[in-house]
Amino acid sequence: MFDTLTERLNTVFKKLKGQGKITEENVREAMRQIRLSLLEADVHYKVVKSFVATVQEKAIGVEVLSSITPGQQIVKIVHDELVELLGTRHTQLRLTGVPPYPVLLVGLQGSGKTTTIAKLAHMLKQGGKHRPYLVPADVQRPAAIDQLTALAKQIHAPCYPSKTSDNPVRIAEKAIQEATRAGCDVVLIDTAGRLQVDEPLMAELQKIKEAVNPSDILLVVDAMTGQEAVKVAEAFNERLDLGGVILTKLDGDARGGAALSIKAVIDRPIKFVGIGEKIEDFEPFHPDRMASRILGMGDVLTLVEKAQEAFDQKQVEKFEKKLKKNSFTLEDFRDQLQQIRKMGSLESIMSMIPGMQKLKGKQNLQLDEKELVKVEAIINSMTRKERLNHAIINGSRRKRIARGSGTTVQDVNNLIKRYVQAKKMMKRFSKMGKRKNFGKGSFPFPV
Amino acid sequence: MARDGGFFKRLTKGLSKSREQLNEKLETVFAGKKEIDEELLEELEEILITSDIGFETTQELIETARKQLRRKDINNPESLKQSIKNQMVSLLKPREGRLPIDDLPIAPYVIFFAGVNGVGKTTTIGKLAKNLKARDKKVILAAADTFRAAATPQLALWGEKAGVDVIAHQDGSDPSAVVYDAIQSAQHRLADFVLVDTAGRLHTKKNLMEELKKMCRVADKVMPGAPHEKLLVLDATNGQNALMQAKQFHEAIGLTGLILTKLDSTAKGGVILQIAHEFDLPIYLIGVGEGAEDLQNFDAEAFVQAMF
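Going down the list, the sequences are from chains A and B.
When the letters of the first sequence are read in order and numbered with numbering that gives the first Met the number 0, they come out as residues 0 to 446.
When the letters of the second sequence are read in order and numbered with numbering that gives the first Met the number 0, they come out as residues 0 to 307.
Among these hints, one or two may not hold up.
[What the hints assert, rightly or not] Label-pair distances were calculated between CB atoms; the ranges are: (1) 219(B) to 337(A): 27 to 35 Å; (2) 276(B) to 182(A): 52 to 60 Å; (3) 65(B) to 59(A): 37 to 45 Å; (4) 330(A) to 206(B): 17 to 25 Å.
I should point out that these hints are in silico values taken from the structure, not numbers from a laboratory.
All of these numbers come straight from a predicted model, not from anything done at the bench.
Built from N, CA and C at the ideal position, the CB exists for glycine as well.
Build the full structure now, drawing on both the sequences and the hints.
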């Protein structure tokens, strides 16, 4: 749905070939495209305006290098500027003063505060660095206390026994005493979701702040938030003087322009991001990745991490051995397919590869998930013997396999053909591995 | 739901915060202007985009207004405002939808509530259950969010408040089994409605979308034709991503309608215009506050009126 900025800018600059410098005139169209791209990513209208003005200033008069296209060059300027704005390095949780350090999490309803508290606590516990104490101070939402209590149990962290009849300010105060008694050094306080225009509830947050004097106050924001992000961040910051921001639900396909908007208007660091359903799916914020994401430029680093996550190390080693011995069977073929599918839908994997969007548009490169299901079904319909030695699969066996997998003999033939090809390729790879220092000219592939 | 007399008042009250702000903005923009100039159009663009209407839709709305301007159909700021409003209403009007409540085609009428995390599915179900109960309907809630910690107690508390039965299994159990049980007991108890609360899931998670499909299949198995409604719950504070949510959920399970929540915030939920433009899906309900009475029927005129 969203074209990448690079693609758009390349179209703009196509006419520009042969010119030595990017001029004011051709920058104007490029700026329009940048503006559009950022608005599509939900960056706030005003933030986009000032951002584009800055980029425009920097772009005019830049020399066009022969090696890259002007489009790419502008993208680089935009990207660098974004990284600069988002913060060049990761900012830690602020834990200062005398322990236990209270940390307050605030935000709108449904932004993910409760889940985030558990994730943050889990992260702090890693390596035995901290002893977090969890405090459910959300007495508004039904069962919010139960939720945090259950999560605390999961990560083996102590949790304050709040009741819905308690006052949140009292809960916070008493919880700090309890945490000290329990020997914990970080007190994570979960507050009820509230609208920034809800006067009584905002006043309540201020009271909690005054009562416990938090070491850090973090605003939890949904990465899918639209233009509203600016108002939310401004209001919470005005009241509470935030220490930073946590961006949640980044595992979706939201471009997350809210991150840029918030950073621009309140100038507080984004400290962490939530990237999945599991307790471990939580990490420090990477400005460079966020910049690529906002621009829709693909995210190779996340792809690599996803791959590492999906591919179990032992299996990879086993696979390597098989490659070397050239004993790659149809069964291994199926395992590989399954592992790739564990990384997510083909569509989402492809979207992380830069330039893929372009290919898809141009060459009608249709990725059919069903094709993979078919392949799996065919291999599953083979006997183990057949899977280990494809040579025995004769005509009548092919017919049986086709019937068993609900495909045609032609499909089975195709699969076997592709498997044989893959095997041949791998033979080349394994030879390449053996010949460690091959000099110039001995490149193993026909170029 | 809508006690029709008070509906408009309620909606405008719910939307009053955004209304005040937007109105203030519009009034200052339009006040003192006798002519429509580029500056005014640009300010109008800002107002529309900051309502999450999206760049393309904004351009379309303004372009149409420009054409009318050239044809002299509109000639002052007030008629420009009216033109934008009219365009919005004509986009949203065909999407007004009403759940069949007093003329159920079949009972139990099974309604699935799906959506990404934190949009307010459980709260919406709680409010709807209370409203249906108030209209003497027999309702059963299915706690099919077996994933999130304490999702079941949350729904159970709503069930208690509304005075309706809740069918639940243990945390981590198969949500399809909950659906199966809930429909079956609804059939035995001659219930009118089964409201199925599903776990929040991002539309990009393939396996979770498969799980949702399976829940639909299982529902159909117990009661052919079920679920009768597959509703997507959208958060008005979400930006352009809501469009992707609608697209993916629709592709996966074939939605039958939409619900827009959290309209009591200052967010305007403008992305619904784009969704209305791209998908022929009725908008059944909107959430404009914490109370059960704050769940309202969607009314295009009132919605647009409240925005401006």
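Hint check results:
As the Cβ distance of residue 219(B) to residue 337(A) is approximately 28 Å, the hint placing it in 27 to 35 Å holds. For residue 276(B) and residue 182(A), the hinted distance range of 52 to 60 Å is satisfied, since their beta carbons lie about 58 Å from each other. With their beta carbons about 30 Å apart, residue 65(B) and residue 59(A) fall outside the hinted range of 37 to 45 Å. Checked against the given bound of 17 to 25 Å, the beta carbons of residue 330(A) and residue 206(B), roughly 23 Å apart, stay inside it.
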